[in-house]
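Number of protein chains: 4
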Amino acid sequence: MNDLTQRQPRHLHEECGVLGLYAPTRGELAPLAYYGLYALQHRGQESAGIVLNDDGCFNAWCDVGLVNEVFPRERLEAMGQGTIAVGHVRYATTGSDRKRNVQPIVINHFKGRMAMAHNGNLTNSFRLRQALEERGSIFHTTTDSEVIAYTIVQARLTAPSIEAAVSAAMDKLEGAYSLVISSPTKLIAARDPYGFRPLCMGRRADGMVVFASESCALDAVGAVFERDLLPGEIVSVSHRGMVCDTSHCGQRPKKLCVFELIYFARPDSVIDGASVSLARQRAGAFLAQEHPVEADVVIGVPDSGLDAALGYAKASGIPYAMGFTKNKYIGRTFISPTQSMRETGVNLKLNPIRAEVEGKRVVLIDDSIVRGTTCRRTIQLLRQAGAREIHMRVSAPPFVAPCFYGTDIDSADKLIANHHTTEEIADIIGVDSLGYLSLEHVVQLTGPENTGFCTACFGGGYPTEIPGPGEKDRFEQPIGRNKSDGE
Amino acid sequence: MNDLTQRQPRHLHEECGVLGLYAPTRGELAPLAYYGLYALQHRGQESAGIVLNDDGCFNAWCDVGLVNEVFPRERLEAMGQGTIAVGHVRYATTGSDRKRNVQPIVINHFKGRMAMAHNGNLTNSFRLRQALEERGSIFHTTTDSEVIAYTIVQARLTAPSIEAAVSAAMDKLEGAYSLVISSPTKLIAARDPYGFRPLCMGRRADGMVVFASESCALDAVGAVFERDLLPGEIVSVSHRGMVCDTSHCGQRPKKLCVFELIYFARPDSVIDGASVSLARQRAGAFLAQEHPVEADVVIGVPDSGLDAALGYAKASGIPYAMGFTKNKYIGRTFISPTQSMRETGVNLKLNPIRAEVEGKRVVLIDDSIVRGTTCRRTIQLLRQAGAREIHMRVSAPPFVAPCFYGTDIDSADKLIANHHTTEEIADIIGVDSLGYLSLEHVVQLTGPENTGFCTACFGGGYPTEIPGPGEKDRFEQPIGRNKSDGE
Amino acid sequence: MNDLTQRQPRHLHEECGVLGLYAPTRGELAPLAYYGLYALQHRGQESAGIVLNDDGCFNAWCDVGLVNEVFPRERLEAMGQGTIAVGHVRYATTGSDRKRNVQPIVINHFKGRMAMAHNGNLTNSFRLRQALEERGSIFHTTTDSEVIAYTIVQARLTAPSIEAAVSAAMDKLEGAYSLVISSPTKLIAARDPYGFRPLCMGRRADGMVVFASESCALDAVGAVFERDLLPGEIVSVSHRGMVCDTSHCGQRPKKLCVFELIYFARPDSVIDGASVSLARQRAGAFLAQEHPVEADVVIGVPDSGLDAALGYAKASGIPYAMGFTKNKYIGRTFISPTQSMRETGVNLKLNPIRAEVEGKRVVLIDDSIVRGTTCRRTIQLLRQAGAREIHMRVSAPPFVAPCFYGTDIDSADKLIANHHTTEEIADIIGVDSLGYLSLEHVVQLTGPENTGFCTACFGGGYPTEIPGPGEKDRFEQPIGRNKSDGE
Amino acid sequence: MNDLTQRQPRHLHEECGVLGLYAPTRGELAPLAYYGLYALQHRGQESAGIVLNDDGCFNAWCDVGLVNEVFPRERLEAMGQGTIAVGHVRYATTGSDRKRNVQPIVINHFKGRMAMAHNGNLTNSFRLRQALEERGSIFHTTTDSEVIAYTIVQARLTAPSIEAAVSAAMDKLEGAYSLVISSPTKLIAARDPYGFRPLCMGRRADGMVVFASESCALDAVGAVFERDLLPGEIVSVSHRGMVCDTSHCGQRPKKLCVFELIYFARPDSVIDGASVSLARQRAGAFLAQEHPVEADVVIGVPDSGLDAALGYAKASGIPYAMGFTKNKYIGRTFISPTQSMRETGVNLKLNPIRAEVEGKRVVLIDDSIVRGTTCRRTIQLLRQAGAREIHMRVSAPPFVAPCFYGTDIDSADKLIANHHTTEEIADIIGVDSLGYLSLEHVVQLTGPENTGFCTACFGGGYPTEIPGPGEKDRFEQPIGRNKSDGE
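Chains as they are written, first to last, in numbering that gives the first Met the number 0: chain D, 0 to 486; chain L, 0 to 486; chain A, 0 to 486; chain V, 0 to 486.
It is possible that some hints are incorrect.
Each pair may be met inside one copy or between any two copies, as identical chains are not told apart.
[To be verified] Below 20 Å or equal to it, Euclidean Cα-Cα: the simulated EDC-like pairs (lysine to aspartate or glutamate) are:
1) LYS327 <-> GLU68
2) LYS98 <-> ASP407
3) LYS98 <-> GLU76
4) LYS253 <-> GLU439
5) LYS98 <-> ASP205
6) LYS98 <-> GLU68
7) LYS348 <-> GLU68
8) LYS327 <-> GLU27
9) LYS253 <-> GLU342
10) LYS348 <-> ASP302
11) LYS98 <-> GLU133
12) LYS253 <-> GLU464
13) LYS325 <-> ASP302
14) LYS313 <-> ASP295
15) LYS348 <-> ASP54
16) LYS253 <-> ASP170
17) LYS171 <-> ASP244
18) LYS348 <-> ASP53
19) LYS253 <-> ASP431
20) LYS313 <-> GLU289
21) LYS253 <-> GLU448
Hints in this document: simulated from the structure, not taken from any laboratory.
Take the sequences, apply the hints, and build the full model.
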């Protein structure tokens, strides 16, 4: 019934987290997969799934819900043993297709079964799908993940192995994808040639190989981080060992989503060699440099603004403080106050600590302003708690363009920065001054040199062709509506 | 968590029930579909699903569970409005694929969406599937329903309409199928040329057309029964009216599953013109004629043996009595007594009414003996309640062969009648005499003339080719196990 | 969430079922208690509870819900071992006190703990309670069960043993009560001197003593029925053996609730020596004698009208038939059709079997008519199924007076028989003729001699003083409303 | 089923949080009470309850579970309207009495109903209870809350009003109690004369009066904090206005539990005039002064060690960092890794941020060491993440004595500080140095002057008589075990 409960508005979503485990000997992998997905939960709270491969027999369980909801103890115990596990967490969508689009997807084809977990978004999914449909193919979902699977299986008709099929399929796929795939006997991980989404690998002392979207999942399962997959790399593990295919590497410029560092990833993760926590502190330091202000205290909006606030405080010399207490019990079944309640002051999620802000000039750090509504409310709370001045600093440039690579930024017409100048926004949200991180600095979050970031949503340009308007609609609107059935 | 609860052993399953609603004007069809499925619940307790078609937009909800579990009030309300609804209930399977195989299936193809509910089993599913796979097609389920959908979509590539595609597909499909299909604009029902599974239609006063596996679902939704679909008939309804395609009718001999009358269907249903209740009473009367005995009372095993017991009583002149009270609260979460408890007399499901059987010679009627274990237990209870003699009469011939047309009779090696003579069985289950209905009479349940029944499971011969052993395994065992991946 | 689901209207309720187990050696009694309560489930679907006494340590679990809902496997397993178990099922009430009033109640007093399960209703509860309250006593519930417990504990202050305290308390208690009580070391059963409610005892082969409201619960746990408790009897079991106190026996005339035989009890139970099933058949035979009619078929309203229908058929010579199929999947979460749906014919619970009633003169037997609404609906269905004439026969006299002894007959002003003659009722519900069982015959259900029945609800007079109007209100309305707090 | 799930070990519990709302006009108070309890959720995760008083009619709902589990939307909506609400959250206990001990308790007495929520523990509960039992009183729970209610009702026999009864009862009650009570017409709050537990009041713009354990709950419901109740004060609100009774004030020295400031309370609360967040930072500063060390970074154990870490960092000049990421999705249904998994490095709750600690000398701040096991594990993680030196500082003195005033510190024999010197503990948990806050400084957390704290658990002496060993056992062990029943 959770899915019927009113949810908190959230305007920024990561699409997914992926996980793969390959054990040299048969064992109970499901609990480990469970812990790995728990560590990736922040990348998707909509659905969770694990497929356990026991010598070609695929035991799958996926459902809408958080990891702990989808996998109660009995379910986990019922998954049994295996040598390969593929896991997935998925972000929140709405509507009737939620149950249908859970992952990992498991399909049957002429060579047996295949399980696949996917993070990212294709940009040529529409065209690939159309070509398949015109040959009479049927699709069960509206996801581009199914298109990827279909493309791999088609390639497998002529490719000598599943890895070769993945490689051949990558010649056709365009856009963002980090994949973890299980064939009956192999575990395969692949990252698109731009490297939009992170994907790393590690190893446990018992020889188990682990692939995961973020290194925090390696820590969670007791694996030691080895390295990130290269953009374009395919790694295959089987009882014969590990094979790395780098034939697609270097074909494209590296374009890691910079918002992974700013917001999506967990602070304890290390992505493409950079500590997420340090990158955020660096963003704060850049902000102090770009938008200095005289103030008494620096506070961050929990949880994602805290690192940048600390960075700003250290760089500016203004004292750092914890300005808010966050109610940690608010979950998905929380019943939000009505608007009329809110107007009488009912407030639960964040509560300012009056002793830290009363009578003070406050620098407030957050990672983004999407529509501005949440932000305005937070600032009102600070004012009620007695803040004398509020200077907001945002640890990213303004959002101005939609993302086609697997994140779900609010639609362009709702982005406040598309309609208003920075001064106007300051006025709307009610701050004394407002400063965003510059596009110039955002690409230096991991060091003075730009190691390759996608900044499309900040107006930095799309690295690939993007879908035409009709193609985009195809995925968002119900298929079949207004279509003649030809008779 | 229901799915983890220990279930009662059941050795005889109907595969499914299907339902279709076409309303001339848009409205809330989901509650009606809910009531229709409730009336078909006895045909499948494993999963339930409704797809609501609102002008080409398909709103689907399917899940494992009983109708009332899958559709709490909020879910039903959330389904909204539409003009076409397709519903399905599915029988109990086990294992990890349960969630994946729920119906109706909804697929996307080049002409839009299609929803389909299926009752029955193909016999050439393996070969159709193999041919599709060899062209690189992928399958999400292990059901032959997906094979049917794929075959229809392939036919649609050249067929001028969806009905024409169904008709063309029927040239390829072999076996048992009653289908209800929704295209973006039409509701289509089809019954295989043998008519293995029932399918009927009716109409509500408000003009709504209803298709259902059994007439009791028409009664439930307030529709008046019009007629059964002919074996081989395709009926299509749209805003242009109703079209009937009888081009496949008469191609095959009619072969209605006789066990629909004996056990599966509800007593208040009318199938191919015959009252199920009367057919069962007729079975009892035949038993009285074939296996007369001197006795004091005739009792039936609730619920399915009651009609035949009444028929036996009337034909023999021996008084009818209700010999058992059935605990009506025992559902799927009931925790069965352990074997050691049973041995101390713990017994819940059926309790004999001592006053009716003590000191008496009892004729006991049931519809079948599968393994004999449940039966033996029931007879022990009667003995403990003081029955002096027990003469068992079974309102069907002995099971000796597996069914390939959509019912799940226990595997041949577990069928008691495959290993033992009637005398031996009488001895094993502990009765004073035992008599089965003859093959000769079973085909006369609806009248003196055999109107066409499949009696394959009673040794009456298969009307169609049946799958080879390897083909059968393909569906029952996990795909992919022991398959080389070719590299 | 079950408790928020709309329920079927039900206008006749048994209050409760009680159960007690005493094992000579420590063991897992909870599963046995679970099976016993399952067999008593028809006596109360509102809440269920088991208290396990393990050498003075009381492990209790009670909650609203059916037995299987309150006791999932884990809960049952968590109850551990013991030598005494007390169980209870409770009928459906409404409102916020449902959770508070679950039983068995467990209380602490100066001699340790006591658990008690109660079936029935006191008539002097108000006065006993008032006297206790005036001494500053507090009550946690609004049940008379708590008053009984308090009265026993007060008696224990001077009584030499718990049995003696029960006996002393019985001098003060007036009305209906069948009790099962556990002290730290003993299991005690007691039945009020009128014997309003049934209570019987049995024994398992392993020496376990079992008390239960009905004998069907003895069958369920593998105990052999020994005898009913005498009205007024107290039986105590401990490691020293069994002691029977009959000092209150014979003080009052026996007044078994006759509606136990007609409706409440299960047909397979034997109450005070009489088979419930036979008593109902006898009611049918009396009806045939009192209200004969020319007809083609006799049918009963399932489930409680079936026995009487069989009795009528046998006595009249008119053939018996099963006229309805009842949907056995309709449970407490079923979403009832709206009135407007009903008017379009949507109908689920009962469906007539057209082949049995079409064109026929039907005798329809039910056990009661409360408000007449359900009845009228059933008769409409029969008419729609083609019944030519409908002659209704009711296997009890008309309800005309409220019950104060533990059943919940609808309030007097809603009882149709209070406002209308039999002819008018026939007209309202739409039957061709209507006949009730006479008050004269209802007391002969177990044989030609009246062995002592309460027929107060049929106008047969109250055996005891009944509560005054203010006293009755006290229990039904929220306590405290409109009360001044004295300052 | 949540209650069967394995829980995280927690060794320090607050007993409860209480809440009271009095609205001048009738309205929907349940949602406001829900938000207030949400803000107090950290004070008790075991059970939650709300009693709504609608003109003397008490609508109560209490159950085990978190606030959002106990109150789904439908439940909250079903509570209706009223003018007074009493709420409660309760800490985690174990065993079969969990359901029975939920609060607020609602009792009936000669003056009507009374609802009461209680935080704290009496020290003379055993004797009060015994005296009541010896007069034949019965108790439904093992809580001292029921003893308080009984004592008030007894006092009401002679007191002219409910407030007077509370006042008279306070002459008998000894120990810790913050109470919120609803009579049919009044809302009453009372704090024991020592002021062990906090209790404050505020007012909403619409005139509603709010009592709460902590000021954060006032913020949550939109009320402005007015003041803390004085130790010994009774405040009563009714339609006649507010009356404050200070007759018990000053009878005893003030003894606020200092652990409220150190750990229990939320950082944004203000208790008896002191900001909890500032008090914790002050504790950190005292630690820096008492136990200075050369180091590179100061980190706190989330969440309760963070404030003190910041205080230490500021006082010492050593940089502050966020050293851990806490997985915020770990709730009560989380399945803990087994010990063998832990040994292979599986770790979920806290993950060190390597970039902040690798190669560094770390000062680690936590609020307490109970058994030392969790602590040792955390330190291992830091070592694995590369910390060069670890200097642990604890923002409280060592636990050495049990608490009898409403907190649940682990039993004395399991407290590591009871068996080991500080040096030994440092060795056991694996740190390079260890320092506790001194008893001298802990009483200066809110300023240089000791405003009155209970430090009994740190060896500071008990302000009251404490229960004898037998009396303590009485509450902890099952009542009735080993008790003779006197016959």
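For each hint, the structure was consulted:
1. LYS327 <-> GLU68: both (18 Å within a copy, 15 Å between copies)
2. LYS98 <-> ASP407: within (19 Å within a copy, 28 Å between copies)
3. LYS98 <-> GLU76: Between copies only: 17 Å across, 23 Å inside.
4. LYS253 <-> GLU439: within (17 Å within a copy, 59 Å between copies)
5. LYS98 <-> ASP205: neither (36 Å within a copy, 33 Å between copies)
6. LYS98 <-> GLU68: Both. Shortest intra-copy (14 Å) and inter-copy (16 Å) distances satisfy the 20 Å Cα cut-off.
7. LYS348 <-> GLU68: Result: close only across copies, 17 Å inter versus 22 Å intra.
8. LYS327 <-> GLU27: neither (32 Å within a copy, 26 Å between copies)
9. LYS253 <-> GLU342: Neither way: LYS253 and GLU342 sit 48 Å apart in one copy and 38 Å across, limit 20 Å.
10. LYS348 <-> ASP302: Both. Shortest intra-copy (12 Å) and inter-copy (16 Å) distances satisfy the 20 Å Cα cut-off.
11. LYS98 <-> GLU133: Neither, since 26 Å and 29 Å both go past 20 Å.
12. LYS253 <-> GLU464: Result: close within a single copy only, 16 Å intra versus 58 Å inter.
13. LYS325 <-> ASP302: Answer is both; intra-copy 8 Å and inter-copy 10 Å each pass.
14. LYS313 <-> ASP295: both (13 Å within a copy, 14 Å between copies)
15. LYS348 <-> ASP54: neither (47 Å within a copy, 32 Å between copies)
16. LYS253 <-> ASP170: within (17 Å within a copy, 53 Å between copies)
17. LYS171 <-> ASP244: Cα proximity of LYS171 and ASP244: one copy only (17 Å, versus 43 Å across).
18. LYS348 <-> ASP53: Neither. Shortest intra-copy (44 Å) and inter-copy (29 Å) distances fail the 20 Å Cα cut-off.
19. LYS253 <-> ASP431: neither (38 Å within a copy, 44 Å between copies)
20. LYS313 <-> GLU289: Classified as within: same-chain Cα gap 14 Å, cross-chain 26 Å, threshold 20 Å.
21. LYS253 <-> GLU448: within (13 Å within a copy, 61 Å between copies)
Of the numbered hints stated above, those contradicted by the structure are hints 5, 8, 9, 11, 15, 18, 19, listed in ascending order.
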